[in-house]
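S.K.: Okay, here's what each chain looks like letter by letter:
There are 2 protein chains.
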Amino acid sequence: MESVFSYSRLYEFTCSVFRGMGCSEADAAVAARVLLSADMRGIESHGVARLSGYVRLWEAGRINALPDIKIVYETPSTAVVDGDAGLGLVVAPYAMQVAIDKAKIAGTGWVSVRNSNHFGIAGIHAMMALEHDMTGIAMTNASALVAPTFSKERMLGTNPIAVAIPAGNHPAFVADFATTTASNGKLEILQRKNAEAPLGWVIDKEGSETTDANILKQGGLMLPLGSDREHGSHKGYALGSIVDIFSAVLSGASYGPWAPPFPAYVPVPQDMPGKGLGHFFGAMRVDAFRPANEFKQHMDQWIERFRNATPAPGHDKVLIPGDPEREMEVIRAQEGIPLVESVVGELRAVGERFGIQLV
Amino acid sequence: MESVFSYSRLYEFTCSVFRGMGCSEADAAVAARVLLSADMRGIESHGVARLSGYVRLWEAGRINALPDIKIVYETPSTAVVDGDAGLGLVVAPYAMQVAIDKAKIAGTGWVSVRNSNHFGIAGIHAMMALEHDMTGIAMTNASALVAPTFSKERMLGTNPIAVAIPAGNHPAFVADFATTTASNGKLEILQRKNAEAPLGWVIDKEGSETTDANILKQGGLMLPLGSDREHGSHKGYALGSIVDIFSAVLSGASYGPWAPPFPAYVPVPQDMPGKGLGHFFGAMRVDAFRPANEFKQHMDQWIERFRNATPAPGHDKVLIPGDPEREMEVIRAQEGIPLVESVVGELRAVGERFGIQLV
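Chains as they are written, first to last, in our numbering: chain A, 859 to 1217; chain B, 859 to 1217.
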């Protein structure tokens, strides 16, 4: 069973909840927009379904609703931002804006963030650069669920990377992907359907292959992009590690198995080597490399050529990164956002907590 | 059959060949050092085995032995370098040095390169940053051999990414990987052994799965990291695309299926949209984010924690990216570089071309 909600209804509700937590009007609006961008783009696992999780983290004293987010270290093209334990949904746009401002002057801007929380989908932050004719980059570390190649210990999060590149007449190139074989959201979809996971997505706590989509609840682990050594899992492990290091070792956040967990019932790790979650953002002016019109003309040609690549049997076209999410945004703007009953129930309970009705 | 050569013998020989092509003394030395670093690090496919390929490209007029390599566009943190059709082995260190020099002043430096050729292994260029207490990044596009997800057309090269991150007491973290499931070098090893390739490495020209390690010679294609859509090949496709765009669309090199091929007998594509191959380099001072000693202390802790992650059954330890290549360098420095007879034969023929003996 699903119910369908308009964007504006969910937006008003979500804003009210964040205000209920004590966020400023402006921060609540930013956080609601960022959170709901996931639902609009078809990445339901990172959207309003997580609102109750953010509220529980706040109740547990792990989220500061009125953070003093600030730059604590900088050079002409870099900065470190301390999120003061604020919502990542608010800290991330602040830090991405710092990267964009640096890029305006220095050509590029690179910002590593400490003391933050989960920031929603990486892509929406990277896309902030597009309106400035810049390439945007966003990544974050996350609670450890992933086994490095040759290991059976949870050492890395799904550590996503997003890269948004402007084009001319075509929509932008927007890649946004976890550095694991499959995202946690894909596992959750299988769990709801009682379906099995393909081999290569997860292993059990002993390190053995399994198709059990519920295995994470029994100590199982996710696998890095590539699945196994023979298929390049050491590359996915390296990518996830780079995200962890750029996000957390550069900034002074907590890294690897010490990254703070999203579920509020999971205790914060002992002896955390840094503060909170870490993110990393980049912005590169395209005209820091060549005139913007030249770049866009060639980016259009790149997109056209790849879109027209010969399809393999059983497929009718080749996609450009960002196509499915953009198409979903159009559909959801027209038809609304479908939510499964369990999520609706959780939202109603969250609303009651603050005396807000989900109408 | 293999013969073993000391580094210094191969270095002298390779220098002489590059000088024979007309390279300056200094350029020949740089090119030989970069090329042989692949053999030393155990990536034989990109080492001296390719020397005859470079010579054939030069004979075909596609490599300029006396290039005027220069910055053609710049901002405080960026530059575009035109390689003037020089050896990538020489153009790449020049461009990486520009990135390092920019980073000294602006905190980071980012250089996109056009009009270059194959640059050897990406890792050796990224590692130039380490001695400056900087993180180094190197990537390059390459001749199209790879099918985007849902396609059966060769659109991307193996487009490697290398990231080198300095540590304190531990050796640096050095990731260097093709954005395909397996590298071309791994396929060549199977070909020599007449062995089959695992499913998920390659497809035939019709787009069907195959285990034929020789399939590239019959129009087959390599698969992006992830192998198939279910296992995340759209992520490998996105990564390879990002490398192509940063290396070639940003700089004005030739991109996608128009990237110039390495084998001199393959004609240059018609209507190339830019000049030569493209590369992309980055350098980030670690003290552009936090004091270098703090960063190194935490990077050491990161490395120790991951090295001590619980191994999965059948494995005795977890590796840090760069471990296998560094261990191989120690072995090869002691025991020399083994070359298969076919490579030795090609080298002797190349030597004869210039009146140089491989002793």
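Worth flagging that the hints you see were computed from the coordinates, not collected in a lab.
Be aware that one or more of the hints could be misleading.
[Claimed, not checked] For lysine-lysine, the following DSS-like pairs were computed, each having C-alpha atoms within a straight-line distance of at most 27 angstroms:
1. A:Lys1063 x B:Lys1175
2. B:Lys1133 x B:Lys1154
3. A:Lys1154 x B:Lys1154
4. A:Lys1063 x A:Lys1044
5. A:Lys1175 x B:Lys1063
6. A:Lys1075 x B:Lys1175
7. A:Lys1175 x B:Lys1154
8. A:Lys1154 x A:Lys962
9. A:Lys1133 x B:Lys1154
10. A:Lys1063 x A:Lys1075
11. B:Lys962 x A:Lys928
12. B:Lys928 x A:Lys962
S.K.: Can you list which hints this structure breaks, lowest number first?
M.R.: 2, 3, 7
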